[in-house]
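Chemist: All chains should be modelled from the sequences, with the hints used to inform the complete structure.
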Amino acid sequence: MTEIAALKAGLLADIEKADTLERVEELRVGALGKQGVVTALLKTLGGLSPEERQTRGPAIHDLRQGVTDAIAMKKAALEQAALDARLASEKLDMTLPVDVVPEGSVHPVSQVMDELAEIFADLGFAVASGPEIEDDWHNFSALNIPETHPARAMHDTFYFGDNYKVTDKDGTPRAMLLRTHTSPVQIRTMTSTSAPIRIIAPGRVYRSDSDATHTPMFHQIEGLVIDKGIHLGHLKWTLETFLKAFFERDDIVLRLRPSYFPFTEPSVEVDVGYTLVNGQRVIGGSGDDDEGGWLEVLGSGMVHRRVIEACGLDPDEWQGFAFGTGVDRLAMLKYGMNDLRAFFDGDLRWLRHYGFSALDIPTLSGGVGA
Amino acid sequence: MKFTLSWLKEHLDTDADLDTILVALNDIGLEVEGVENPAEKLSGFRVAKVLTAAPHPQADKLQILTVEAGDGPLQVVCGAPNARAGLVGVFGREGAVVPANGMVLRKAAIRGVESNGMMCSTRELELGEDHDGIIELPAEAPVGTDFADYAGLDDPVIDLSITPNRQDCMGVRGVARDLAAKGLGTLKPLEEVVAMLPLVEAQGAGPDVRTDDPEGCPAFYARTVRGVKNGPSPDWLQRRLNAVGQKPISALVDITNYVMLGLGRPLHVYDMASLKGGLVARLAKPGEEVLALNGKSYTLDATMTVIADEAAAHDIGGIMGGEHSGAQDGTTDVLIECAYFTPESIAKTGQKLLLTSDARQRFERGVDPAFLDEGLEIATRLVLALCGGMASEVTRAGEPPVAARTLSYDPARCLSLAGVDVHPADQKAILERLGFGVTDDWTVTIPSWRRDIDGTADLVEEVVRIKGLAHVPSTPLPRVPGVAKPTATPEQLIERRVRRAAASRGLNEAINWSFLSEKEAVTVGGGDWTLANPISEDLKVMRPSLLPGLLSAARRNADRGASSIRLFEVGRRYFRAADGSSDERLTVGVVMAGDKASRGWATGKAQPFTAYDAKAEALALLAAAGAPVANLQVMGEAGSAYHPGQSGTLRLGPKAVLAEYGVLHPALAKQFDLGGTVVAVQIFPDAIPQKRKSGFMRAPYAPPALQAVTRDFAFLVPEGVEGDALVRAVKGADKKAIVAARLFDVFTGTGVEPGMKSLAVEITLQPGEKSFTEEELTAVSSAVVKAAGKLGATLRG
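As you go down the protein sequences, you meet chains A and B in turn.
Convert by adding 60 to the 1-based position in the first sequence; the result is the number in our numbering.
Convert by adding 234 to the 1-based position in the second sequence; the result is the number in our numbering.
Just so you know, the hints here were simulated from the structure itself, not pulled from any lab data.
Virtual Cβ for every residue (Gly too), placed ideally from N, Cα, C.
It cannot be assumed that every hint is accurate.
Here are the simulated SDA-like cross-link-like pairs (lysine to any residue), alpha carbons at most 20 Å apart as the crow flies [claimed, not checked]:
1. Lys-304/A with Leu-711/B
2. Lys-719/B with Pro-256/A
3. Lys-719/B with Gly-184/A
4. Lys-582/B with Asn-204/A
5. Lys-225/A with Arg-810/B
6. Lys-849/B with Ser-874/B
7. Lys-586/B with Asp-222/A
Between beta-carbon pairs, the in silico distance windows are [unchecked claim]:
8. Asn-398/A with Gly-362/B: 34 to 42 Å
9. Ala-722/B with Arg-409/A: 28 to 36 Å
10. Arg-409/A with Ser-650/B: 51 to 59 Å
Reference listing, derived: stretches of chain B covered by chain A, where coverage requires no fewer than 3 residues with Cβ under 8 Å from a Cβ of chain A [claimed, not checked]:
11. 398-410
12. 701-710
13. 739-745
Modeler: Here is the structure:
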């Protein structure tokens, strides 16, 4: 008995001392291999009498189990140590910078146009478009602005020369120009689709004007509703609803003022109330409040019956409203830029600061502002 | 349009205060641009008397004055040559702000002598140009009173923005009429307003005037006043004109301006001594010249109306008087012209001559054709009052278009068009206060001064603007019935997707001018559209390409020190269709310059962009746009903007070019001052075939049960064979089994003979229901080698 115990103690001590996996394997072969000392002892069991087996058997099995477990444990411990050592050697400076993925951006004008399209889609307005190089019939005459009308002088128009003139189907020459507003899209929509109509038309427009607050190219959005029984009250509600949704404020207050546009009658200019917050105009609240004021944001009115007629619709059957406003200006009022010229400079620093992430897609559920 | 409060109140009998009037003006559509009271900037300035004047001991040009300004004598140092004891002038007290320079007056020592304020010149108070000495007031001016009160300057000046339809409000009286209609008092009868002027007792026949151009000038009324004495206008008139920014010239000229500004009636006064014979309104002779009173000479054509005597044309009719025939200081006999010019004719002439004037503005908007007699009469009475003389009878040549215009109006229209329910009686009252005639059956007569009214919608507007737009109820727009449909067109959806895809790939969206300089346009083949009146030579030609704008923006960024530039734009290119109309093509442009990746601890040196980066952007953006990217062919002919050997086009078939991309031609990069490799892309969404949408259901699909296998082939191919050709050939070798082929290695050098290159292709084979047998795989391999062989490729040993 004691020699088995001694053998066990010796083997366990050797295993305990082993410091490499090779040494553990060597010990395993020496003990448990085909020629191993423990294997040899196990083989003796068959030749023993039942009584002897009763006494020696458990001891030998205990020896084998003990040595097997010790080897497994030692092996696991050495493997763990080896892994720990390798991992320790693989340590990296995790503060080092990673490759910078360039930061793209969507221009604020595009963003605001997407916002407007989303807001108006909810009200059933489709997005329409038209050419930026227009003829004077669409840009002026059809909008009730004849050649001698003083309102033509209100628009500083870019013209293409006489050699660009086109002739309409009645043989009348039409001068080509850069559209001064998005209103010709009203005409193009009314002449090409059937009523009822609900559209918005955003796009580039041009005036020969350039100073701190004017650029020769800028962006407008036009709205047009032609239906039965539409009146000024619907216009007011639509503009209120649009501005509330755009600025995401319930306290938007509008002030309607009589005005004049040749293509609407009555014509209404729309002011929106703002409040001075730390010296900055923030849209919301009544302009008549102590810290408040009014900002002119929209021109609008009931579509002039002559315009409806010019488009081939019966003005006694159909009526509606139109409005127009500056997209760049809406962007400035909402997001706080103060220099229009920077919109068209392409300065990467400005584009990254005032631009929007690709994933800032305006949605009604997520909020149209970003 | 400027006027003062006192001028308004001459026509409007009202108790309303200034603020109430301003709010009402905005409410009725006469937009207040500004309001200013000159008295505010003159607070602290008083009428004062110089008691004593003594020389300054330290300075020859200065005097020490004792000034009484109501609070006891004060010592003041003064440099004005006219300062003397007994003079009554204007004194600025300590704390007052000098209007001309914003200086705050303080007690100070001037050359060692204490000074307690300042005696002021006309210019210092911004009341005129005179700066030769201090203001001298009459000796009886009440010492100690506020100077603004004394001088009648406590009169707010209101500036209105008048819309082009409201000529009637380009005179103070029209504004008063509108305010009265709004309920802010009553409009005084005109006779009452001019009651203090002498009546005309006409003597002798009127002047010889006639109109030979009844279309351009249907009516020409005139009278003479002989024996007048012209000179400076009286103070009240000068003050009024000064207040509204009209420079006083002489009594006769000031009277015409006063009648124009007050009553909206332009007039002209001729010095009869400068005229030869009678005056005629006639069409100009082609090439006839007129020297206008702005000192400029204008060459006229035969559509323009002039006022001429027997010798020459003097006036550009209704627009500007002549340099030599107007009233002068020594004028004694005058002819007053009061004519009606046709608005369209004035507008055309003014546009052609690029000449604007107060008279043109009023005539082209349409002055009151029924106000010729009264206007002429009031002007005459003013001449008699201010300059004396004897007036003749009036000559009336031609007839103004005064025929009454009527409209049949249904008061229910107010509710149906404006949404406001105004009681018919209220509507009638409003219209009548505005000068309309309204019969019981609602036949509405339009007042002669309201040329802008020509439909019932105009009447609704009149009622509603006077009633107040605040009464318009906010009325929900009915929802469109049925299921909400997408409201954007397929093109708009492509635009949105490409834009956001580009931004997600690290590109920054710019918006560049639609116009280029001619020089820039030439670099991209020249533009079809050139502006006749560009704002500058840099913004002249409509762009045929997005690249110049992006390259300019890139250069500006490079100049600012940007090291890595990735810009894109979504916008139109402009071409001219065969019928002369505009052909505008939605385009996406990309320009990348500088470092693709900056130097890094892991990657080493900074990486430049390559043509393949441009190709990657082109493919990614086309994919976002929904183009069938797998079917695109890479071809050449990207155009002269690109490096001929490092550029390409992506096409569907030989004609449909969906994109061009590549390294920018070094010559073009140089023109835009851009160093290093610049790469560019243009995508043409209009060439992308639109997908036919057939509902939401996808084609049925179940992933194959068996795993795909891959095989690699390395070929030696002649250098001229393009990779894409080999890949296509390989892929086509067994269309059923080979589902993908991908080029993964390109090698030239050791082991590859000159003129050849090694291309390695990986093919993916997808088994169907059974795995491939060795025989099948061998057959596919043979087919691949055979297909490649047709391109001169041999399997590398």
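Chemist: All hints, please: hold or fail.
Modeler: Going down the list of hints, with the structure as the test:
{"no.": "1", "hint": "Lys-304/A with Leu-711/B", "result": "holds, 15 Å"}
{"no.": "2", "hint": "Lys-719/B with Pro-256/A", "result": "holds, 15 Å"}
{"no.": "3", "hint": "Lys-719/B with Gly-184/A", "result": "holds, 8 Å"}
{"no.": "4", "hint": "Lys-582/B with Asn-204/A", "result": "holds, 17 Å"}
{"no.": "5", "hint": "Lys-225/A with Arg-810/B", "result": "holds, 12 Å"}
{"no.": "6", "hint": "Lys-849/B with Ser-874/B", "result": "holds, 17 Å"}
{"no.": "7", "hint": "Lys-586/B with Asp-222/A", "result": "holds, 15 Å"}
{"no.": "8", "hint": "Asn-398/A with Gly-362/B: 34 to 42 Å", "result": "holds, 38 Å"}
{"no.": "9", "hint": "Ala-722/B with Arg-409/A: 28 to 36 Å", "result": "holds, 31 Å"}
{"no.": "10", "hint": "Arg-409/A with Ser-650/B: 51 to 59 Å", "result": "holds, 54 Å"}
{"no.": "11", "hint": "398-410", "result": "holds (count 3)"}
{"no.": "12", "hint": "701-710", "result": "holds (count 7)"}
{"no.": "13", "hint": "739-745", "result": "holds (count 7)"}
In summary, this structure violates none of the numbered hints.
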